[in-house]
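Novice: With chain A fixed as given, assemble chain B onto it according to the hints.
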Amino acid sequence: MDKGPSGSSENLNIFSNSCYDISQKDPNKILTGNKALDNHFGGGIPLGHIVELIGNSGTGKTQMCLQLCLNVQIPKAAGGLEGSALFIDSRQDFHPERLLGLAQELENKYKHKVPEFKSLNMLQKVHHVRCPNMVQLMATVFSCQRHLIDHPDIKLIVIDSLAFSLRMLEDGAQRYELLLELHECMRRLQRQHELAWVVTNVLTHRCFRNQFRVVPALGDMHSHLINERIWFSGSSQLHLGKSWRTSRLIKESN
Amino acid sequence: MDLHLMILQTSTGKMLSEYQLNLLSKNNIESLIDFYEADEKKLHELLLINVESVRKLKMELSMLPKAPDKECFLDVEYGTGIEELDKLLSSVKQRFKPGRVWELCGQTGVGKTQVMYTLAVNFVWKHALPVLFIDTKQDFSCKRVQDMLRARNTDAETTERAMKAIQVVQAHTVTDLINVLITFDQQLTAKIEDAVQTKFVLIDSLGAYFAHYRGRRMQRLRKSLLVELACKVRKLAVRGVAFIIGNVSFFEKDDNGFDDGEDDGNNEEAATPQQLEPMLGAYWSSVCTLRLSLELPVDEDFTRQDDGLRSMHVISNTYGRDGDHCLLRITEAGVA
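Sequences listed follow chains A and B, in order. Following the numbering used here, the numbering of the first sequence begins with 1 at its first residue and continues without gaps. Following the numbering used here, the numbering of the second sequence begins with 1 at its first residue and continues without gaps.
Note that these hints are calculated values from the structure, not bench results. One or more of the hints may lead you astray.
Covered by chain B, according to a simulated footprint, are these stretches of chain A (three or more residues, beta-carbon under 8 Å) [what the hints assert, rightly or not]: (1) 176 to 183; (2) 218 to 225; (3) 235 to 243.
The following label-pair restraints were derived from C-beta to C-beta distances [unchecked claim]: (4) A:207 to B:221: 28 to 36 Å; (5) A:168 to B:332: 36 to 44 Å; (6) B:196 to A:93: 53 to 61 Å; (7) B:152 to A:248: 16 to 24 Å; (8) B:216 to A:194: 34 to 42 Å.
Which chain B residues stay away from chain A? Per the calculated CB distances, all over 12 Å, these [stated by the list, open to error]: (9) 8; (10) 77; (11) 92; (12) 122; (13) 237.
From a predicted model like this one, the values you see are computed outputs, not experimental measurements. Glycine included, each C-beta is placed from N, C-alpha and C at the ideal position.
Isolated chain A (complex conformation) (with noise of 0.2 Å):
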């Protein structure tokens, strides 16, 4: 289960990817239309990387994903990557409307650059599965290798929400299997194709010496496994982190 494509030893190059050499390519990067957030990311959320978004409901976390999958279809001509977007729907919280909404917004603001940029196609491009349970949800992802090959330029997948029915599950043990299975599936398709994950979770409580703290569910191994993690707040304030405690507020500069 180790043979990666890279599996041979021979004409391994491993000094010819400095990082400056990285930091010189194209941007690969959705863009998240939070200023702040963008500069942080040095202009978004770079494809390879699985971020989560965090936060309790009603927070825009389901907002932002759909903004980013309308963000990842921004045409090459306007600094964008002109990629479509995969949307995977596990809380049937999917509103064309909403998109339709957020698709004019930004139809509006390339209005100059690129007239024929139009908000009708952009939701065409944005694909939708729903996954009412776990089973389908791991038959869906498993089966992203398909979609991938007949849709190429998908860029990003968004499962809203990751936490919602892995939780549904009651067994702990089953549960924990399953989360490492996606993970794994998901890193494997990262190192086929160049595509960024965008998964939601949402926080929980757990005893820690006696005191209750509100944490991220799903786990600590999962923390460690996912690249970044965006917090959602009611104030509208975002912060960056892999845990509460060591989060940064991401101010809004300019």
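Specialist: Chain B alone, transformed into the frame defined by chain A:
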């Protein structure tokens, strides 16, 4: 310099087969001096070549141009560039030198990667030698390195030079990582310039590979892969390459991580005070000569925002005592 390579450079030596060369090392003839001192008759019997050839070979070897011995600066001290950490390290009798294999543990999000970036940047800064950064989660961010350099008020040219010196490799699985190390070793033997110059390798982070290695069979596989990895790391360390390997720690007893944060607090076992335990089990804990653990300062008021203060603990040390700690502060410019 390697005896095999030297022998192959001579005209008589070229006739020897690889089997014969291996016989030499099997009989503890590893360096040029060993070869000179070995009895002519013994070599004759061993290699099945006549005594004249042995003499000729010895003479030719002595006439080889002396290469400047690049690998012989094992006594150099690098220093980490973090003052507090250097103090701590010298107090536990283990300074940062070539050939060190260290492990850096810590909870998720505590700042391990930031420490690693700082060490990489400091090293490039101070010694103008390249470093190899092995990235396991596609996590490497140029932006963070760039920000770190910018916060130190470096000019564009120095920034560019520093960034060019940090080589990044993506290794998505353990097998990939082992292959990278094997290639490194081969290139070192072949004296490829880049490989010879690289004296410092950072791996960030090892824990992520083994997340799905669960169950008894996978645990065994994990152990065998770790042994193989440890061999490769050691092999390079002997040749003067320093390693810092990132690992993740959890608040739990075994690293099966049978916990996804859904505990309701009724569990008796979970209510007892828990200890931070690095992943990867007992075998791995003996591989590195020094284990450092980056921790949050103990503080009951968990609503307080992060002030960047961390404590670095020495949790195990082959050469001296452990248990010491020092305070570090994470800043924009790295760790100080």
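Novice: With reference to the structure, classify each hint as holding or not holding.
Specialist: Checked hints:
Look at the segment 176 to 183 of chain A against chain B: 6 of its residues bring a Cβ nearer than 8 Å to a Cβ of that chain, three or more, so the hint holds. For the segment 218 to 225 of chain A, the stated coverage by chain B holds: 8 residues have a C-beta nearer than 8 Å to a C-beta of that chain, and at least 3 were required. Counting residues of the segment 235 to 243 of chain A whose beta-carbon sits less than 8 Å from any beta-carbon of chain B gives 3, enough to reach three: the coverage restraint holds. Our hint of 28 to 36 Å for residue 207 of chain A and residue 221 of chain B holds, since their Cβ atoms are close to 34 Å apart.
Under the hint 36 to 44 Å, the C-beta atoms of residue 168 of chain A and residue 332 of chain B, about 42 Å apart, fit the expected range. Roughly 57 Å separates the CB atoms of residue 196 of chain B and residue 93 of chain A, a value that falls within the hinted 53 to 61 Å. Here the CB-CB span from residue 152 of chain B to residue 248 of chain A is close to 19 Å, well matched to the stated 16 to 24 Å. Remark: the range hint 34 to 42 Å for residue 216 of chain B to residue 194 of chain A is upheld by a beta-carbon distance near 37 Å.
Non-interface call for residue 8 of chain B relative to chain A: holds, since the shortest CB-CB distance, roughly 21 Å, exceeds 12 Å. Listed as a non-interface residue, residue 77 of chain B keeps its Cβ farther than 12 Å from every Cβ of chain A; the least gap is roughly 25 Å. No Cβ of chain A comes within 12 Å of the Cβ of residue 92 of chain B; the nearest lies about 26 Å off, and the non-interface call holds. The claim that residue 122 of chain B lies off the interface holds: its Cβ sits roughly 14 Å from the closest Cβ of chain A, which is beyond the 12 Å cut-off.
Separation of residue 237 of chain B from chain A is adequate, the least Cβ-Cβ distance of about 17 Å exceeding the 12 Å criterion.
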